[in-house]
Amino acid sequence: MAIIINEETRVVVQGMTGNQGSFHTGQMVKYGTNVVAGTSPTKAGQDHEGIPVFASVREAVLERGANASIVFVPAAFAKDAAFEAIEAGCKVVVMIPEHIPVQDSILIVEYAHFHGAKVVGPNTYGLISPGKAKMGIMPNHIYAPGPVGLVARSGTLSYEIAAALTEAGLGQSTAIGMGGDPVVGQVFNDVLHQFEKDPETKACVLVGEIGGSAEEEAAEFIKTMTKPVVAYLAGRAAPPGKRMGHAGAIIERGRGTLESKRKALEAAGVTVVEMPWEVAPAVKKLLG
Amino acid sequence: MKLYEYLAKGRLKAHGIPVPPGTLCRTPDEVAKALEEICPAAVKAQVLVGGRGKAGGIKFAQNPEEGRKVASEILGMNLKGYTVEQVYVEGKIDVEREFYVSVTVDRNARKPLVMASAHGGVEIEDVEDKYIVRRHVDEAFGMQGYLARDIAAEMGLEGDIARQVAAILQRLYEVFRTEDAELVEINPLVVSGGQVIAADARLNIDDAALFRHKGLPDVEEGTELERRVKEIGLAFVQLDGDIAVMANGAGMAMATLDALQHFGGRPANFLDAGGGASVEPTAQAMGVLVSMKPKAIFVNIFGGITRCDDVANAIVQVKKTQGIPVPLVVRLVGTNEQQGVEILRQEGIEAFREMSEAAKKAVELAGEVR
Chain H
1 MAIIINEETR VVVQGMTGNQ GSFHTGQMVK YGTNVVAGTS PTKAGQDHEG
51 IPVFASVREA VLERGANASI VFVPAAFAKD AAFEAIEAGC KVVVMIPEHI
101 PVQDSILIVE YAHFHGAKVV GPNTYGLISP GKAKMGIMPN HIYAPGPVGL
151 VARSGTLSYE IAAALTEAGL GQSTAIGMGG DPVVGQVFND VLHQFEKDPE
201 TKACVLVGEI GGSAEEEAAE FIKTMTKPVV AYLAGRAAPP GKRMGHAGAI
251 IERGRGTLES KRKALEAAGV TVVEMPWEVA PAVKKLLG
Chain X
1001 MKLYEYLAKG RLKAHGIPVP PGTLCRTPDE VAKALEEICP AAVKAQVLVG
1051 GRGKAGGIKF AQNPEEGRKV ASEILGMNLK GYTVEQVYVE GKIDVEREFY
1101 VSVTVDRNAR KPLVMASAHG GVEIEDVEDK YIVRRHVDEA FGMQGYLARD
1151 IAAEMGLEGD IARQVAAILQ RLYEVFRTED AELVEINPLV VSGGQVIAAD
1201 ARLNIDDAAL FRHKGLPDVE EGTELERRVK EIGLAFVQLD GDIAVMANGA
1251 GMAMATLDAL QHFGGRPANF LDAGGGASVE PTAQAMGVLV SMKPKAIFVN
1301 IFGGITRCDD VANAIVQVKK TQGIPVPLVV RLVGTNEQQG VEILRQEGIE
1351 AFREMSEAAK KAVELAGEVR
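Listed in order, the protein sequences are those of chains H and X.
Heads up, the first sequence is in this note's numbering, so the first residue is 1 and it goes up one at a time.
Heads up, the second sequence is in this note's numbering, so the first residue is 1001 and it goes up one at a time.
Bear in mind the hints are in silico, worked out from the structure with no lab data behind them.
All residues carry an ideal CB built from backbone N, CA and C; glycine is no exception.
Heads up, a few of these hints could be off.
Restraint-style ranges between C-beta atoms, simulated for each label pair [said to hold, decoys possible]:
no.: 1; chain 1: H; residue 1: F114; chain 2: X; residue 2: M1292; range: 46 to 56 Å
no.: 2; chain 1: X; residue 1: E1073; chain 2: H; residue 2: E259; range: 23 to 33 Å
no.: 3; chain 1: X; residue 1: K1320; chain 2: H; residue 2: E49; range: 31 to 41 Å
All chains, full assembly: derive it from the sequences and hints.
Encoded structure:
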């Protein structure tokens, strides 16, 4: 098991022949991901590292049975790419690009909703079901298969925690990046619902940060969960009114503070740790 | 990006929302000339700080001579760190009633949110919840007429005023959509002589959408150092501590600040050197940290896409060119860790493996300098 993607997922890479797309296609293939096609506006008809390149996602779906897309096109073209993938029938669309206009993201998420597709991101590092498949830009070597479901807003911080879990002998069922933008397709709540249903997942780790109230909303659902949850929240040292790198990480008019998130999560029975290096020991303790 | 008041009002006007007559001026003479047409008028400093009025950035004039006088007081003044270079001369209006209307992004609902209240003129946070009307809009389909009428009715408005407010709400949503706004707000929206007018307006445009909105004047936001680093293309926020910080990735950078604070240190900045930055941008980032003259520098790298040898080479490059005259603590793990650690060792820098130990050390070293 695992959530959202596994060894059967058939991936099309939109923007496969660009710098980033090309490098990460290689990494995904190396990891064992079933990359069946790529798209490129100028290189259709060619092969790229043995993978056929098409002009459209529709062709990749019809000829290669692609059912999930990862998007590497520039932000200005990302909405078009996402709509194309969703319309062609992809049920998972992973949006890597940063700096996508927020109103484009709203439309992408609405369109995905109409078509029953899941959008991961934008501004995400993607997701990985260790030992099975990865759709994203995360380093391959820090993950291992296992019982922990990991969901984070941020990339490198998520790597830090995944590596510590793996070192502590705690592998992951799926690790997923929610994305650092204000509007994203899969929020903590959506992901935790799926972890709760996934038999392989025995415990969840939530890595949140200041801004918005996705953590508070997740707390409502966690109250009903049977699986234990450990949370680390970044940004206690952040001043209000300043964007801490992510467009979504900002305390505005007193909303999105770390304190409100911590309180909500603790009230839901979550073990909230103070520092990132305390996550793995806390999970170990809960799993016994 | 926040737009200056005169630009925000210009956008509202272009979409058919009534605004008071106004004109932008750069000199006292221009203000005096404007007063010949618009009189009496408010002379308003065009800076993006709150509480302009209280700080002396808004003054009233009854005639051109008075306009010249107050303009010479306001132009060139320092308003919370910003020099006033332009003023907006705007016709004074008699206010009978004040409303609040805005459209913003509700990130949890993932939809545009219209907020409206018949209790305007104050910060919306100060208005009791029961007096605020909140309605979502389906971005794909836009704001229908019934929704605007509903909102006006829920605000408790009737007759011609309700009709005018409903029309303004639909136009306000158009502004939100076509200008790629994160927030468009009219506060107060006033009734003056039976006409509903936008007396003050805020329009914040999504930075990520600026490629669709060319030709807007550059707005200076943030401190001088923040503006300089922004030009290099890095995410940077100045804080008030004395330990300069660099990390890769926004989440890691935040966690790094938290760790320093955890051990009793005070971070001087937030700096995300990027999830996969190479030697050159990393060296530029290091250079910025050195120029801040901190008590210590803490570099915290988890090499995923970022390569530890690149980071090490960047540090060495800065050490050899610019020099690093303060204690430096480097935590380096991940991709090409061995190479990175070796490069630093040859320069006499011992890298840490554990983030906790490194953060603690940085706080200690900064304390010794203090």
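- If you check each hint against the structure, which ones fail? Hint 2 is the one this structure does not satisfy, whereas the remaining hints hold.
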